[in-house]
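Chemist: Start from the sequences and build out the full structure, keeping to the hints where you can.
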Amino acid sequence: MMDELKNALLSTGYSFAHHAWSSAPQGDYGVWAEDSQGGSVWGDGKMLNQSIQGTIDYFTRDDSASPLTVIQSALDNAGISFYLNTVQFEDDTGYIHYEWVFEVV
Amino acid sequence: MPKITVSGIEEYIDKLEKLGVRGTGIMKMGVYDGAAVVADQIRENLNSVVSESATGDLAKSLGISEMEVNRKSVSVNIGFSGYDRKGVANQLKANVLESGSSKQKKRPFFRPAVNASRKKATLKMIETISEEINRIFK
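So the sequences go chain by chain: A and B. Residue numbers for the first sequence follow the working numbering, so the first one is 1 and each next one is one higher. Residue numbers for the second sequence follow the working numbering, so the first one is 1 and each next one is one higher.
Hints in this document: simulated from the structure, not taken from any laboratory. Here a beta-carbon is modelled for each residue, glycine too, at the ideal position from N, C-alpha and C. Among the hints, a few may not be true.
Claimed, not checked - Which chain A residues face chain B? A few, computed with CB under 8 Å, are given here:
#	residue
1	20
2	36
3	63
4	66
5	89
6	91
7	98
8	99
Modeler: This is how it looks when you write it as structure tokens:
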């Protein structure tokens, strides 16, 4: 499912990297990273199912609703569970920072 | 879940009355103990993501709020309070660590801690509440 997340984000046409960019990107960009287990189902002494949680961050100077709509539509279309956690404006850089929490199985 | 064993309707009513009087207090104890488990995990995660030269002010500012009680629930908040020695709000520092910025890589510690401790906290609440109920019914 992590591949589906990657494909969904890349389908937006926006620039995304996994965990971190190797060099500081110019313009608008995004990062996705898994960071913890969301939940698990155990049976017969084995983990039968596990969900992975993480975040998607997108930094943009586009103050329209477009990035929000495009990224959320891509996640919706891929059947990925998510919620918009925070939207923050960085005074010093002018970036709007969208942060979503995703959970995939 | 906590269990109550009764042998007759009068005993049942008696136990419910006792529980009714003390029920909210028991729930408070359970919620507080559960919150402590979550707070401990948050503190542990925080200590693993801050630099070795960190002052420890942020970890010290982590706390559990006063209990909020309404007709449907008993709850607390876990979060950061106050300001560090440079006058920066601890909540802001925690937020930058958790969510990052275009200049600082994020180091999520809070949400993963809540995820990791959810089950343990639930079990702790059940344990505390069960113990208190049993103490009342002895």
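Chemist: Run every hint past the structure and note whether it holds.
Modeler: Hint check results:
Hint status for residue 20(A): holds, given a least beta-carbon distance of 6 Å to chain B, under 8 Å. Hint on residue 36(A) holds. Least Cβ distance to chain B is approximately 4 Å, under the 8 Å limit. The beta carbon of residue 63(A) is not positioned within 8 Å of any beta carbon in chain B (closest approach about 15 Å), and the interface hint is therefore violated. Of the supplied interface hints, the one on residue 66(A) is violated, with its beta-carbon coming no nearer than about 19 Å to a beta-carbon of chain B, more than 8 Å.
Given the 8 Å rule on beta carbons, the hint for residue 89(A) is violated: about 11 Å separates it from the nearest Cβ of chain B. At its closest, the beta carbon of residue 91(A) sits 11 Å from a beta carbon of chain B; the interface hint therefore is violated under the 8 Å criterion. Given the 8 Å rule on beta carbons, the hint for residue 98(A) is violated: about 10 Å separates it from the nearest Cβ of chain B. The restraint placing residue 99(A) at the interface with chain B holds, with a minimum CB-CB distance near 5 Å, inside the 8 Å limit.
Going through the hint list in order, the structure does not satisfy hints 3, 4, 5, 6, 7.
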